[in-house]
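If you want the building blocks of each chain, they are given just below.
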Amino acid sequence: MSLRSEIDNAIEIQNLSVAYSAVVAQSGSPGSSGFRRSTKVQKINALSDVSVNFPAGKVTGLIGGNGAGKSTLLKTIVGVLKPSAGQVSLSGRPHLLTPGMGFNRVLSGRENVILGGLASGMSLEEVRSKQDEIIEFADIGNFIDLPTTTYSSGMFGRLAFAVATHVDPEILLVDEALSAGDTAFRKKAVERIRGLVASTKTIIVVSHSSALVSEMATEAVWLHRGKVRMQGQVDTVADTYKAFLDESSETAQLQSEKKE
Amino acid sequence: MVQWAPLLVDSIRIFPHGENKKNGRNGALKASYVRKATRSGIPPLRDYLTETYRFRTFAMYWSKGELKSRNFDTTLGRLWHYLNPFLFGLIYFVFVGILTGGGLNSTTRLAFMVFNLYVWTLLSSVVVTSVSSVRNGGGGVLTNSAIPKVVVPLASTFSATNLFLRSLIAYIPLHLIADRGLHIEFLWIPLMLFLTCLFAFGIALIFATINIYLRDVSRFLPHFLRLWLYLSPAIWEFERVLDSGVINTLARINPTYSAFSAWTIILDGSSVIGGPSLGRQVLIFSAWAVPTAVIGFLFFISREDEFAIRN
Numbered sequence: 005m006s007l008r009s010e011i012d013n014a015i016e017i018q019n020l021s022v023a024y025s026a027v028v029a030q031s032g033s034p035g036s037s038g039f040r041r042s043t044k045v046q047k048i049n050a051l052s053d054v055s056v057n058f059p060a061g062k063v064t065g066l067i068g069g070n071g072a073g074k075s076t077l078l079k080t081i082v083g084v085l086k087p088s089a090g091q092v093s094l095s096g097r098p099h100l101l102t103p104g105m106g107f108n109r110v111l112s113g114r115e116n117v118i119l120g121g122l123a124s125g126m127s128l129e130e131v132r133s134k135q136d137e138i139i140e141f142a143d144i145g146n147f148i149d150l151p152t153t154t155y156s157s158g159m160f161g162r163l164a165f166a167v168a169t170h171v172d173p174e175i176l177l178v179d180e181a182l183s184a185g186d187t188a189f190r191k192k193a194v195e196r197i198r199g200l201v202a203s204t205k206t207i208i209v210v211s212h213s214s215a216l217v218s219e220m221a222t223e224a225v226w227l228h229r230g231k232v233r234m235q236g237q238v239d240t241v242a243d244t245y246k247a248f249l250d251e252s253s254e255t256a257q258l259q260s261e262k263k264e
Numbered sequence: 026m027v028q029w030a031p032l033l034v035d036s037i038r039i040f041p042h043g044e045n046k047k048n049g050r051n052g053a054l055k056a057s058y059v060r061k062a063t064r065s066g067i068p069p070l071r072d073y074l075t076e077t078y079r080f081r082t083f084a085m086y087w088s089k090g091e092l093k094s095r096n097f098d099t100t101l102g103r104l105w106h107y108l109n110p111f112l113f114g115l116i117y118f119v120f121v122g123i124l125t126g127g128g129l130n131s132t133t134r135l136a137f138m139v140f141n142l143y144v145w146t147l148l149s150s151v152v153v154t155s156v157s158s159v160r161n162g163g164g165g166v167l168t169n170s171a172i173p174k175v176v177v178p179l180a181s182t183f184s185a186t187n188l189f190l191r192s193l194i195a196y197i198p199l200h201l202i203a204d205r206g207l208h209i210e211f212l213w214i215p216l217m218l219f220l221t222c223l224f225a226f227g228i229a230l231i232f233a234t235i236n237i238y239l240r241d242v243s244r245f246l247p248h249f250l251r252l253w254l255y256l257s258p259a260i261w262e263f264e265r266v267l268d269s270g271v272i273n274t275l276a277r278i279n280p281t282y283s284a285f286s287a288w289t290i291i292l293d294g295s296s297v298i299g300g301p302s303l304g305r306q307v308l309i310f311s312a313w314a315v316p317t318a319v320i321g322f323l324f325f326i327s328r329e330d331e332f333a334i335r336n
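One line per chain: the protein sequences are A and B, in this order.
Taking the working numbering, the leading residue of the first sequence gets 5, the next gets one more, and so forth.
Taking the working numbering, the leading residue of the second sequence gets 26, the next gets one more, and so forth.
Hints in this document: simulated from the structure, not taken from any laboratory.
Source: prediction; values computed, not measured.
In this text, a Cβ means the ideal position worked out from N, Cα and C, and glycines have one as well.
A hint or two may mislead.
Here are the simulated lysine to any residue pairs, SDA-like style, with alpha carbons at most 20 Å apart [unchecked claim]:
(1) LYS89/B <-> ASP149/A
(2) LYS134/A <-> THR154/A
(3) LYS47/A <-> LYS192/A
(4) LYS61/B <-> ASN161/B
(5) LYS93/B <-> VAL110/A
(6) LYS89/B <-> SER112/A
(7) LYS93/B <-> ARG114/A
(8) LYS134/A <-> LYS47/A
(9) LYS61/B <-> ASN49/A
(10) LYS61/B <-> SER127/A
(11) LYS89/B <-> HIS228/A
(12) LYS89/B <-> THR77/B
(13) LYS231/A <-> LEU70/B
(14) LYS89/B <-> LYS192/A
(15) LYS44/A <-> LYS89/B
Pair by pair, the computed Cβ-Cβ distance ranges are [what the hints assert, rightly or not]:
(16) ASN49/A <-> THR274/B: 51 to 57 Å
(17) GLY61/A <-> LEU252/B: 38 to 44 Å
(18) SER327/B <-> LYS44/A: 38 to 44 Å
(19) GLU129/A <-> PHE324/B: 31 to 37 Å
(20) LYS61/B <-> LEU249/A: 30 to 36 Å
(21) LYS93/B <-> GLU129/A: 20 to 26 Å
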């Protein structure tokens, strides 16, 4: 591993494979019959032999369809899932932006700012010093002192986003979290992400939508069925991905017409 | 979970498994991590414990939030924290008094039962709330963050201990009315409280982990705990099984036998003539509590990533 690659990359992933067992419903069995189990344990190879680097101080988009392994990759980077093989090297503490992580719905927004901040790895002093800024950013008015059970989903999402993006992590991982709130807040959220980038934060944005990734990112990685299909400038990767989707839908349509 | 807290020495980042890396372009000291698979699934313990310690404030606030959210929609609110175990004790006092024909006029017996049921509530609520918190994903902590997952049952232990300490305050008048007296043995209370929490924490970790694979455990748990309560000298006196015999020996092997007999001796201030000494009972309970906590902890952390997948 060269020194140059260490300097330029915030995350280096080498030959990473992640497999796990999940409990799934038995096919063709809507419920249990007598003592027969309606579920079975199935091994899932979510990522296989993935090698990819994420440059420091840039926003990288992670695109791919359902089951491509995007969330698995993020969870492995953050440390929730462990590699079955290979390794992930990180230059900085990662934080997965999760709406409402650590929140207690019965507590007020103000109390949840403290709880969410602590859950995100901030110290108590850090959360207290940023509390006013977070509340101002969330912009939910007097609701801040009411239990979060009284919030609309948009308000809850704004508060959660505000807490998560004031964590000041060295590596921020965003999994489709920008959909929180109305159009005005989404604009504010995008500006916040840009602000984080300007302060040399490394960000990975996951989305099904190549448009959202194009808007946010400068680089992109396309995952397909647990493998890296393409990596490069965001426009190139997003265009190729879009062409692939168009081709796939055309092929599916042709097959369906043939069957008919 | 494969996660290491960094060791920072000047400008060199030292990885716990031996890899070294130099700092980045700006020379700032950054934390660095390498995640790799381990054969046992158990992460390096020192680093895991350091990370757990880092999140101690979160565990305390989580615990405070949990306590605040309980009974928040009732008129009596937090008063229920004191009322619940007292009423629990009163019910058993009436129940056992009628069943045994022992009468209902003994305040000593009432005090004995109420206190023991406070201890039982501590133990059982650590187990039940830990299993339930882990099953529910701990507010996203288990499924989406790198926080050591043991923080979730740890917070449940804090909550239960907090409630137990409040219960102790509520118990004091009853202790005085029952004339159980003030004794030098009270000095053992901090140690016994620590051991009780440790034992409950260990049991909670074991059940919480098994429950991830076998969801029936949480259904079975209330029945198991009730049966365990009846087999423990919490609502009957520990002197009843001092004689030899298979059943009595089995009753004394029960880890909560040594716990409740120690608590009773502490509160009453003297050992039963010919019965076990306080020191011996504390020692026996330690021999249960410490290994249970260690085994539970290792079992739990070796399966941490399963919590994210199966929740």
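Here's how the hints hold up against the structure:
1. LYS89/B <-> ASP149/A: Measuring from Cα to Cα gives roughly 17 Å; hence the hint holds.
2. LYS134/A <-> THR154/A: At roughly 24 Å apart (the allowed maximum being 20 Å), THR154/A and LYS134/A break the hint.
3. LYS47/A <-> LYS192/A: Since the Cα atoms of LYS47/A and LYS192/A sit roughly 41 Å apart, the hinted pair is violated (cutoff 20 Å).
4. LYS61/B <-> ASN161/B: Given pair LYS61/B, ASN161/B is violated - Cα atoms ~27 Å apart, limit 20 Å.
5. LYS93/B <-> VAL110/A: holds (8 Å)
6. LYS89/B <-> SER112/A: holds (13 Å)
7. LYS93/B <-> ARG114/A: This hinted pair holds, its Cα atoms lying about 14 Å apart.
8. LYS134/A <-> LYS47/A: Violated, at roughly 43 Å.
9. LYS61/B <-> ASN49/A: Roughly 17 Å separates the two Cα atoms, so the pair holds.
10. LYS61/B <-> SER127/A: Given that 20 Å is the threshold and the Cα spacing comes to 27 Å, the pair is violated.
11. LYS89/B <-> HIS228/A: violated (44 Å)
12. LYS89/B <-> THR77/B: holds (18 Å)
13. LYS231/A <-> LEU70/B: Violated: LYS231/A and LEU70/B sit about 33 Å apart, past 20 Å.
14. LYS89/B <-> LYS192/A: violated (33 Å)
15. LYS44/A <-> LYS89/B: violated (39 Å)
16. ASN49/A <-> THR274/B: 51 to 57 Å: Distance hint for ASN49/A, THR274/B holds at roughly 52 Å.
17. GLY61/A <-> LEU252/B: 38 to 44 Å: For GLY61/A and LEU252/B the Cβ distance comes to about 60 Å; the hint is violated.
18. SER327/B <-> LYS44/A: 38 to 44 Å: At roughly 24 Å between Cβ atoms, LYS44/A and SER327/B fall outside 38 to 44 Å, so the hint is violated.
19. GLU129/A <-> PHE324/B: 31 to 37 Å: Holds - the Cβ-Cβ distance for GLU129/A and PHE324/B, about 35 Å, lies within 31 to 37 Å.
20. LYS61/B <-> LEU249/A: 30 to 36 Å: holds (35 Å)
21. LYS93/B <-> GLU129/A: 20 to 26 Å: Holds, at about 22 Å.
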